[in-house]
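There are 2 protein chains.
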Amino acid sequence: MKVLVIGANGQIGKQVMDKLSETTGDIPVAMVRKEEQLTDFKNRGMEAVHASLTGTVEDLAKAMQGCDAVVFTAGSGGHTGYDQTLLIDLDGAGKAIEAAEKADVSRFVMVSAIHANDREKWSAIEPYMAAKHYADKMLMNSSLDYTIVRPGGLLNEPGIGKVKAAASLERNTIPREDVAATIVEVLHNDQTIYKSFDLVTGEETIGEALKGI
Amino acid sequence: MKVLVIGANGQIGKQVMDKLSETTGDIPVAMVRKEEQLTDFKNRGMEAVHASLTGTVEDLAKAMQGCDAVVFTAGSGGHTGYDQTLLIDLDGAGKAIEAAEKADVSRFVMVSAIHANDREKWSAIEPYMAAKHYADKMLMNSSLDYTIVRPGGLLNEPGIGKVKAAASLERNTIPREDVAATIVEVLHNDQTIYKSFDLVTGEETIGEALKGI
Numbered sequence: 001m002k003v004l005v006i007g008a009n010g011q012i013g014k015q016v017m018d019k020l021s022e023t024t025g026d027i028p029v030a031m032v033r034k035e036e037q038l039t040d041f042k043n044r045g046m047e048a049v050h051a052s053l054t055g056t057v058e059d060l061a062k063a064m065q066g067c068d069a070v071v072f073t074a075g076s077g078g079h080t081g082y083d084q085t086l087l088i089d090l091d092g093a094g095k096a097i098e099a100a101e102k103a104d105v106s107r108f109v110m111v112s113a114i115h116a117n118d119r120e121k122w123s124a125i126e127p128y129m130a131a132k133h134y135a136d137k138m139l140m141n142s143s144l145d146y147t148i149v150r151p152g153g154l155l156n157e158p159g160i161g162k163v164k165a166a167a168s169l170e171r172n173t174i175p176r177e178d179v180a181a182t183i184v185e186v187l188h189n190d191q192t193i194y195k196s197f198d199l200v201t202g203e204e205t206i207g208e209a210l211k212g213i
Numbered sequence: 001m002k003v004l005v006i007g008a009n010g011q012i013g014k015q016v017m018d019k020l021s022e023t024t025g026d027i028p029v030a031m032v033r034k035e036e037q038l039t040d041f042k043n044r045g046m047e048a049v050h051a052s053l054t055g056t057v058e059d060l061a062k063a064m065q066g067c068d069a070v071v072f073t074a075g076s077g078g079h080t081g082y083d084q085t086l087l088i089d090l091d092g093a094g095k096a097i098e099a100a101e102k103a104d105v106s107r108f109v110m111v112s113a114i115h116a117n118d119r120e121k122w123s124a125i126e127p128y129m130a131a132k133h134y135a136d137k138m139l140m141n142s143s144l145d146y147t148i149v150r151p152g153g154l155l156n157e158p159g160i161g162k163v164k165a166a167a168s169l170e171r172n173t174i175p176r177e178d179v180a181a182t183i184v185e186v187l188h189n190d191q192t193i194y195k196s197f198d199l200v201t202g203e204e205t206i207g208e209a210l211k212g213i
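In order, the protein sequence lines correspond to chains A and B.
Sequential numbering from 1 applies to the first sequence in our numbering.
Sequential numbering from 1 applies to the second sequence in our numbering.
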């Protein structure tokens, strides 16, 4: 499976790239904004394309050409203003969805945020949650075979391979590595199509947890 | 027709209130955030309800109860940050749409912004345009009988009653009074259901212009 990873240079994206190429024998393609990032991935023997979420839908569709799936794990990050939240987390996602439809790449895995679907639980960073909420809704309203993964608080510690996944969970944390591993399993599990779920550290293997969503 | 006007205290909203009550014999209901605004409208013999776009969908549905239509002409305004753009222009609109569905108020007229549908024309205030773009998309994806009015640059001068309306127009200006008059005509013209159009000053009467959209 050839998979375009949008946000490949991010902390989850890098691990998705590695796991796809090392573990499952898929061909991940890193979508990156900067020339040096492109070189980095290529030097490591990986495919990479140069495109930006601030570009046009046509540019993004071109970057997706020949791929079987898209993973969206980009974000404007915590250090930019809400203008970037609107332009990247909301409109960047919206453009990626349109581009996937245009390029006939039907499978789309979105990395969202825990409780993005449930306004009553937006205790903090409400404006960010609103952007994620509508990006997810646009995906659900699209023609794509989507899965929406809503991880809890992200940790940099090593993954333990044990998670909890359900439509609604109490807020908890999860290592980024376990999020990346879940994304990879989701790509290979068509039972996850048209599903959205919260994801935190738990006691089941990822495969078991995905059976219950 | 009983019409909830969201943003009734705004510059367009006030004129929609006046025109609905004076001209067409409808019953406008002002949705306002502040107690003194509620009193103002009531002192002028108008109906008003106290609710906020930062409240719950349930609160908004309650405010709409018994209405036949909703006009959304609220906005966070130019003096707040993009956090408010996300919370009011995007999520406030999204909540109002959900509330109308919940309250079985099928007719919904959205005041958007010229070119909100067309990213390539977002020369300025891109983050704001993104918020309007997705608010409009949510409405189009809803079950409501919508009309989306996308006025050009808003002027405070008196209306001339002559406009141009089409799916795509060159950027131009329009008096707020003519936008308000168009909204009122749209509410009484079911040919405008499921239509979205740019609106600027022109040479046709509003009725003539609406025939061409």
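Treat the hints with care, since some could be wrong.
[Said to hold, decoys possible] In silico BS3-like cross-links for lysine-lysine, where the CA-CA straight-line distance does not exceed 27 Å:
id, chain 1, residue 1, chain 2, residue 2
1, B, K195, A, K102
2, A, K137, B, K34
3, B, K62, B, K34
4, B, K62, B, K102
I should point out that these hints are in silico values taken from the structure, not numbers from a laboratory.
Here is how each hint holds up against the structure:
1. In summary, the hint linking K195/B to K102/A is supported, as the alpha carbons are separated by about 24 Å, within the 27 Å threshold.
2. Distance check on the hinted pair: K137/A and K34/B sit about 31 Å apart at the alpha-carbon level, beyond 27 Å; violated.
3. Straight-line distance between C-alpha atoms of K62/B and K34/B comes to about 17 Å, which keeps the hinted pair within the 27 Å bound.
4. Between K62/B and K102/B the alpha-carbon distance is near 9 Å, which keeps this suggested pair within the 27 Å criterion.
Figure legend: structure checked against the earlier numbered hints; the only hint not met is number 2.
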